[in-house]
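Trainee: So the protein sequences, as listed, match chains F and P.
Take the first sequence: its position 82, counting from 1, is numbered 79 in my numbering, and each next residue is one higher.
Take the second sequence: its position 147, counting from 1, is numbered 144 in my numbering, and each next residue is one higher.
Simulated from the structure, these hints should not be mistaken for laboratory data.
Just so you know, not all the hints are guaranteed correct.
Given that identical chains are not distinguished, each listed pair holds provided it fits within a single copy or across any two copies.
[Unchecked claim] Taking lysine-lysine and the DSSO-like style, the derived pairs with C-alpha atoms no more than 30 Å apart in a straight line are:
#1 Lys571 with Lys554
#2 Lys571 with Lys316
#3 Lys492 with Lys364
2 protein chains.
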Amino acid sequence: MPPLRVAAAQINPTVGDLEGNTEKILAFLAEAEDAGCDLVCFSELAVTGYPPEDLLLKEGFIRDARLALETIAAATKECVAIVGTVVSADDANFSLGSANDARFGSPGGDGRPVLANAAAILSQGQIQGLIAKRLLPNYAVFDEQRWFVPGQGSDPLFLIAGNPVGVTVCEDLWSAHGPAVDLADRGCSLIVSLNASPFSIGQHEARRQVLSERVEETGAAILYVNQVGGQDELVFDGSSMLISDEGLVKARAASFVEALMIADIHLTQGASLENGDVRTLTQTTRSDEPRIEGDVADDQGRDAEIYDALVLGTRDYLKKNGFSDAVIGLSGGIDSTLVAVIAVDALGPEHVRGISMPSRYSSDHSKSDAVELAKRLGISIDTVSIEEAHGAYGSMLGGVLGGEVAGLTDENLQSRLRGVLLMGISNATGAMVLTTGNKSELATGYSTLYGDSAGGFAVIKDVPKTLVYDLCRFRNERAAQQGTVQPIAVEVIDKPPSAELRLDQKDEDSLPPYELLDPILAAYVEGDQTGPELIARGHDPAIVARVVQLVDTAEYKRRQMPPGVKITSKAFGKDRRMPITNRYRPDMEPS
Amino acid sequence: MPPLRVAAAQINPTVGDLEGNTEKILAFLAEAEDAGCDLVCFSELAVTGYPPEDLLLKEGFIRDARLALETIAAATKECVAIVGTVVSADDANFSLGSANDARFGSPGGDGRPVLANAAAILSQGQIQGLIAKRLLPNYAVFDEQRWFVPGQGSDPLFLIAGNPVGVTVCEDLWSAHGPAVDLADRGCSLIVSLNASPFSIGQHEARRQVLSERVEETGAAILYVNQVGGQDELVFDGSSMLISDEGLVKARAASFVEALMIADIHLTQGASLENGDVRTLTQTTRSDEPRIEGDVADDQGRDAEIYDALVLGTRDYLKKNGFSDAVIGLSGGIDSTLVAVIAVDALGPEHVRGISMPSRYSSDHSKSDAVELAKRLGISIDTVSIEEAHGAYGSMLGGVLGGEVAGLTDENLQSRLRGVLLMGISNATGAMVLTTGNKSELATGYSTLYGDSAGGFAVIKDVPKTLVYDLCRFRNERAAQQGTVQPIAVEVIDKPPSAELRLDQKDEDSLPPYELLDPILAAYVEGDQTGPELIARGHDPAIVARVVQLVDTAEYKRRQMPPGVKITSKAFGKDRRMPITNRYRPDMEPS
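Isolated chain F (complex conformation) (with noise of 0.2 Å):
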């Protein structure tokens, strides 16, 4: 067959900004055309970003989607573009073959359009087909049949510089026996993927064992788009891929940037074109000469993966809501040192203000530690004392409650007097209070609602305690390599965890070791085993007991968390929907 110059364009778009979105696919169509590409793929609903969640309920929001459409298609020439959008079912472009409502059953049709997750295939100022989103994932972070119906029918094929072109979006690639086959029967050479996929760990790997599943089921190439950027918990990695028909991955765009990643491929396919609704858009390629080869991105291994990502989505999340600036207590621990640090990278040094606010409890190191991290990261510090207002609500609690404030009590009160003062100076400046709390803590409850847990953003709340050190390691080992300072004092990670909300305090006073902890909030919380099965699995009975309590009645602190980057297979947040009101207590003797 002709070869085929094809584009993926891996965009960071806003949801819900029509206009922003439509100048940026504009912006990065003008560039394939200029090229000489054939065809360029944007992400899965690149028009809208992905998710949009309920503005998809706002008949006026599709009606602007749709305009939006309108615009991008009148801009097309000869490279024929791939756009990812909401469309209402009963679009006179669309065979959504036969949808059957009456699976959804639902009151909530109660009129509203019939919505689906499409990709519209546009070229030469027009709307050539639209194809409808098949399988609609309903799991861990997604909702779509909430708001879609799925594509169903035969779907027609797209002839691209006379290469036969099949269209799916995301999940459709995932199920073998599957969309794909369907289209490959038929003769594709060349499947388009659209997606909007969220980074994970171990989720680009798991993505590039499927696409070689799918090559190996179709014989056909694929060219996986997929979105980059963060968006509230998520935080899309790109990492878009052009994998040949003889399963080698011919280019892959670097993560966590936006990308035109361009590539010549020729697709060895023989097509058999005879039967269905074949669609010619172009007959010859437009990029005879000199041949393209697509870059292929290093792997980045885990921990810089992970660390890119709590960057990105600090950033997107700051800059999408209209923030520059970030302010941060500073305690001299590790876990704030990491977040100040992620913030630096993601906003600049300029843009980061940290605040060490020292009680009676605090130490000497804690109080230095916190001076030389924002010598080091080169931001300004200040250093407020708790004492005066910790006076004060000693002798008003005191009063109330007829006694001396002590214990828990007196904890939390220090903790959210912090709490009280970082938000005042957010109030007052305009930065955001970045939260300091880690994963293993949120799972166990062991922070104060309203205290250190105060602020818009927690960058690290999907980070487990064992993994912020790892992730601290790495950030030195990285400065290292670049040649510039190591941000995090090696005392900072050598000393044990403290609150210091209390003399001597040490984490371990309340919580296991982290080394035991997390390995049994991993299996309980992502896992979604119970207590009776880890203990069977080997796990200490007491301490899996204790665990299992801690964060089953935490739940109500987490559900009034601020968001923050989900980096593992399941996060608290709509990962894990679990009642707070639960009385589930498995039996923990063996029986």
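Use these hints to put chain P onto chain F, whose structure you have.
Mentor: For chain P alone, coordinates are given in the frame of chain F:
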């Protein structure tokens, strides 16, 4: 056909409490057995409580629920019990039809058991059949396609006292031409409907309408059993009903309380049961003599229903989470007044503690109104000025900011200082803080994060301000009818609303009058209209633009609110899944 004695067991289960729910089911079953019932029906997922959410992802939970069902089955004798529970779809007693897994196409499938939201038919110590819910709601607060596969194929009928009975679960009855038609075509004369249908304004009438339509469509009588009780943000009202095959309400259980509703019914539809799976359970009725006419509970009226929903939701949230007592900041304003009155009705006056926290801006009438309220309610009240803490923060924050603390920063500061005090009292006494913000405030962001919004449960978060007034008047009228003390002084209802965070502040300085604001909020939030649509319908363009902007930018605050009772058609929370990062800003100019 022979007469049939049926019972609806309107129980209040607790999510996850397999043991407690089983005990409750056994107690109601024994009572129905003793009363000579032929059939007793429990609500949807009665064994697990509704909704169990991601507990369903724990295989151990599914196994434990199965054991609970076997315990219940073993206790059945002559009286047939129909009980809602979760079952693994590969259960031996079960025919799911040709469940199409590809529909889900989900990597989330990953070897986990496929689940059904089922009705278990039990008698003579055995599981006689399992019926899977067919229509799985996945809109509004419902996520059922996250966990369940739908029932397919043809379900059995059950001969109970010689009467052919068909079984459906909740949503199955909400569609015309739905599963009920097949049951009726095959000769079913009574349709049992197990439900977990949450309260919202007008929902009871909507249900009655739908049931009338189904009776008309099928010619069968319907026994509608609904869960009662609070579960996080949802309140189930019960209101179980028996509708005759003539469409008459023969029995209705009272709302918001547990009940065993028993009635005898003569079914007239002739059965033609030649075809299909008909399982004979019992041949004759056990209740030949004294006929039981069902009681028909009165309609309560809108305000009474809402008020009782708020009381039950608050009582159950505290009780089911192990709290007996509440503490409330009493400002003397209408919102905290209503919350205190509800709390006293939910928990009793000896379990409610009021705290008055005046500042330099508090008016004399506010302080005296708070004291007067406590007197009328018979609750304790402490007064703690926040001035000392306010002074301390003036100097602490002033130092960092390099100037006086003023404006919004100072207003938020005062609100947070009160939040810290209440949370300290909560920590020391074990009482839950009830927050007092209403829906109009939450919608517009007219509240302080970690300030007045700090607490465990937000009783009136779904109550618009104008409805707050209605409910106060209603509660006083109820007191007048009952001859008890009117809890709310007329001055509190009559004075203009104010946050009293600066001198002579009034809500109307910052917000449109609530009579204008609330209809706009209802159309924007509950009606999913856009700004331009609201303007096109005649609302003031400047007010619409301001309100839309307030609602959109306050999403981050709402995400950190405590749960509260849903009473409208769309509450904030899982009912309205708006992105925080959202740049949809449609042009407000008419085009």
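Trainee: With reference to the structure, classify each hint as holding or not holding.
Mentor: Evaluation of the provided hints:
For the identical chains of this complex, Lys571 and Lys554 are neighbours both inside a copy (15 Å) and across copies (17 Å), given an alpha-carbon limit of 30 Å. Both within a single protomer and between protomers do Lys571 and Lys316 lie at most 30 Å apart by alpha-carbon distance, with minima of 22 Å and 26 Å respectively. In the homo-oligomer, the alpha carbons of Lys492 and Lys364 lie at most 30 Å apart inside one protomer (14 Å), although the nearest pairing across protomers, at 50 Å, exceeds that limit.
Checked against the numbered hints above, the structure violates none of them.
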